[in-house]
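Trainee: Protein sequences appear in the order of chains A and B.
Note that the numbering used here has the first sequence beginning at 4, numbered continuously upward.
Note that the numbering used here has the second sequence beginning at 264, numbered continuously upward.
Hints listed in this document are in silico derivations from the structure and should not be mistaken for laboratory results.
Keep in mind that a hint or two might mislead.
To be verified - Here are the simulated DSS-like cross-link-like pairs (lysine-lysine), alpha carbons at most 27 angstroms apart as the crow flies:
(1) B:Lys-392 x A:Lys-138
(2) B:Lys-361 x A:Lys-179
(3) A:Lys-44 x B:Lys-360
(4) B:Lys-361 x A:Lys-19
(5) A:Lys-12 x A:Lys-42
(6) A:Lys-42 x B:Lys-392
(7) A:Lys-138 x B:Lys-363
(8) A:Lys-139 x B:Lys-452
(9) A:Lys-44 x B:Lys-392
(10) B:Lys-274 x A:Lys-7
(11) B:Lys-400 x A:Lys-139
(12) B:Lys-414 x A:Lys-139
(13) A:Lys-139 x A:Lys-7
(14) A:Lys-179 x A:Lys-142
(15) A:Lys-138 x B:Lys-360
(16) A:Lys-138 x B:Lys-431
(17) A:Lys-142 x B:Lys-363
(18) A:Lys-139 x B:Lys-431
(19) B:Lys-357 x A:Lys-7
Unchecked claim - Facing chain A, from chain B, some residues (calculated, C-beta under 7 angstroms):
(20) Ile-351
(21) Arg-376
(22) Ala-379
(23) Val-385
Virtual Cβ for every residue (Gly too), placed ideally from N, Cα, C.
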Amino acid sequence: MNKKVSLLKLFWIFFKIGLVLFGGGYAILPFLQAEIVEKEKICTQEQMIDYYALAQCVPGIVAGSVSMFIGYSARSILGALACIFGMCLPAFIAMIIFAAMLGNISHYPLIQSIFNEIGIAVCVLIFLTIAELWKKSVKDFFTTAIFVVSIAATIVFQVSPFWVIILSGVFGVLVKLLRREKNAD
Amino acid sequence: MLIDVFIEFFKIGCVAVGGGYTVIPFLYYLIPVYHWYDADAITEMIAVSNVTPGPIGINMATYAGFQANGFLGAVVATVAVVLPSVIIVPLLSKILKKYKNSCFTEYIMYGLRPAAVALISVAALQIFKSSILTVDKFAATHRLSDIISLKALIMLGFFAVCGYFLRKQPMLLILIGAAAGVVVYTAGKII
Numbered sequence: 004m005n006k007k008v009s010l011l012k013l014f015w016i017f018f019k020i021g022l023v024l025f026g027g028g029y030a031i032l033p034f035l036q037a038e039i040v041e042k043e044k045i046c047t048q049e050q051m052i053d054y055y056a057l058a059q060c061v062p063g064i065v066a067g068s069v070s071m072f073i074g075y076s077a078r079s080i081l082g083a084l085a086c087i088f089g090m091c092l093p094a095f096i097a098m099i100i101f102a103a104m105l106g107n108i109s110h111y112p113l114i115q116s117i118f119n120e121i122g123i124a125v126c127v128l129i130f131l132t133i134a135e136l137w138k139k140s141v142k143d144f145f146t147t148a149i150f151v152v153s154i155a156a157t158i159v160f161q162v163s164p165f166w167v168i169i170l171s172g173v174f175g176v177l178v179k180l181l182r183r184e185k186n187a188d
Numbered sequence: 264m265l266i267d268v269f270i271e272f273f274k275i276g277c278v279a280v281g282g283g284y285t286v287i288p289f290l291y292y293l294i295p296v297y298h299w300y301d302a303d304a305i306t307e308m309i310a311v312s313n314v315t316p317g318p319i320g321i322n323m324a325t326y327a328g329f330q331a332n333g334f335l336g337a338v339v340a341t342v343a344v345v346l347p348s349v350i351i352v353p354l355l356s357k358i359l360k361k362y363k364n365s366c367f368t369e370y371i372m373y374g375l376r377p378a379a380v381a382l383i384s385v386a387a388l389q390i391f392k393s394s395i396l397t398v399d400k401f402a403a404t405h406r407l408s409d410i411i412s413l414k415a416l417i418m419l420g421f422f423a424v425c426g427y428f429l430r431k432q433p434m435l436l437i438l439i440g441a442a443a444g445v446v447v448y449t450a451g452k453i454i
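Chain A with its partners taken away, still in its complex shape (with noise of 0.2 angstroms):
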């Protein structure tokens, strides 16, 4: 399925995506579902959940965690190491620009129009991103019911995502194993 890409690609295809990325870890996801697993068939849907997913639950930051999984599956070391990289060169740089010249800009009020406006595209986006994972990933009862208990822990009881994740795999195995022994009787 993973398709060969050269070294460069990778790190071509991450700087544009750090590039445009702004928010937290989540609003790689579009980007990714564009760019990875439609035009360039990197990865499937499946294993691009699956990486973020698991970026939840090692140390570090979610979006360079994502990228350096996705990396891996398709180049090993060296492509984690080309996506890391593309992926956290336009932060610096920009960062750079700011902290050494200009200062702080963001409160230009044309400024602040502006990220109101890429905030209300990142959060549409979002939404439709979401609703092309569902499909994926949401298929019977207990992954409805993880779906729901998932998002009651984290707003209601402020779970860390840490451990929605991990006791969410643990709970799929265990539904799996009961279900298996079930069909043996």
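Dock chain B against the given chain A, drawing on the hints supplied.
Mentor: The following block gives chain B in isolation, referenced to the frame of chain A:
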């Protein structure tokens, strides 16, 4: 000095699990220890990170490193903050590859996927609240019409239509968003 920057940001990279904003409490913790920057600088860091491209965690590490030790500090802080994941992600990938065809991995993923989609949905609801709804105004007046402004509602409809047709071109939609920001600002000036 530079070694302090490296050690502190490596530590942040080790413990910051799940998203860039988890970096913030650690940045506050560093203030009285090293005096690299003050609390106002952190507020500025967060604001600037939100309007610059790239993952917010990387933005903040670069900015804080720059405050601490200039350009070299920025390089060291950025490398240090990603280094833990650069070590762990390939290791974990290797293990996953080894057990790729085991049914056990598939069982774990069966549970993980809906939880991941749930986490993304929570994030989407949060940015929906912060970038589209005016919750403060609603809390003050308790009028249902104050929960969303007419302008935000129109823009939401506009982006929903654009987004539907540009699903395959998310980068273009971001650019349209930026252009819309300029238009809204100019229109606000004229009216």
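Trainee: Please verify whether Lys-361 (chain B) and Lys-179 (chain A) have alpha carbons no more than 27 angstroms apart.
Mentor: The hint holds at about 21 angstroms.
Trainee: Within a Cα-Cα threshold of 27 angstroms, do Lys-400 (chain B) and Lys-139 (chain A) meet the stated pairing?
Mentor: violated (38 angstroms)
Trainee: For Lys-42 (chain A) and Lys-392 (chain B), compute the direct alpha-carbon distance and say whether it is at most 27 angstroms.
Mentor: Violated, at about 31 angstroms.
Trainee: Let's test the interface hint: is any C-beta of chain A closer than 7 angstroms to that of Ala-379 (chain B)?
Mentor: Result: holds, 4 angstroms to nearest chain A Cβ.
Trainee: For the pair supplied as a hint, Lys-138 (chain A) and Lys-431 (chain B), confirm whether the alpha-carbon distance does not exceed 27 angstroms.
Mentor: holds (18 angstroms)
Trainee: For a C-alpha distance cap of 27 angstroms, please report whether Lys-274 (chain B) and Lys-7 (chain A) respect it.
Mentor: Given pair Lys-274 (chain B), Lys-7 (chain A) is violated - Cα atoms ~35 angstroms apart, limit 27 angstroms.
Trainee: With a cut-off of 7 angstroms on the beta carbons, see whether Arg-376 (chain B) makes it to chain A.
Mentor: holds (3 angstroms)
Trainee: Is the straight-line distance between the alpha-carbon of Lys-179 (chain A) and that of Lys-142 (chain A) 27 angstroms or less?
Mentor: Holds - the C-alpha atoms of Lys-142 (chain A) and Lys-179 (chain A) are around 14 angstroms apart, at most 27 angstroms.
Trainee: Quick one, are Lys-138 (chain A) and Lys-360 (chain B) close enough, alpha carbons at most 27 angstroms?
Mentor: holds (25 angstroms)
Trainee: Holds or violated: Lys-139 (chain A) and Lys-431 (chain B), Cα atoms, limit 27 angstroms.
Mentor: Since the Cα atoms of Lys-139 (chain A) and Lys-431 (chain B) sit roughly 18 angstroms apart, the hinted pair holds (cutoff 27 angstroms).
Trainee: With a cut-off of 27 angstroms on the C-alpha distance, tell me whether Lys-142 (chain A) and Lys-363 (chain B) pass.
Mentor: Judged against 27 angstroms, a Cα distance of about 21 angstroms means the pair holds.
Trainee: Does Lys-452 (chain B) lie within 27 angstroms of Lys-139 (chain A) when you go C-alpha to C-alpha?
Mentor: Given that 27 angstroms is the threshold and the Cα spacing comes to 46 angstroms, the pair is violated.
The structure is inconsistent with the numbered hints 4, 6, 8, 9, 10, 11 and 12, although it conforms to all the rest.
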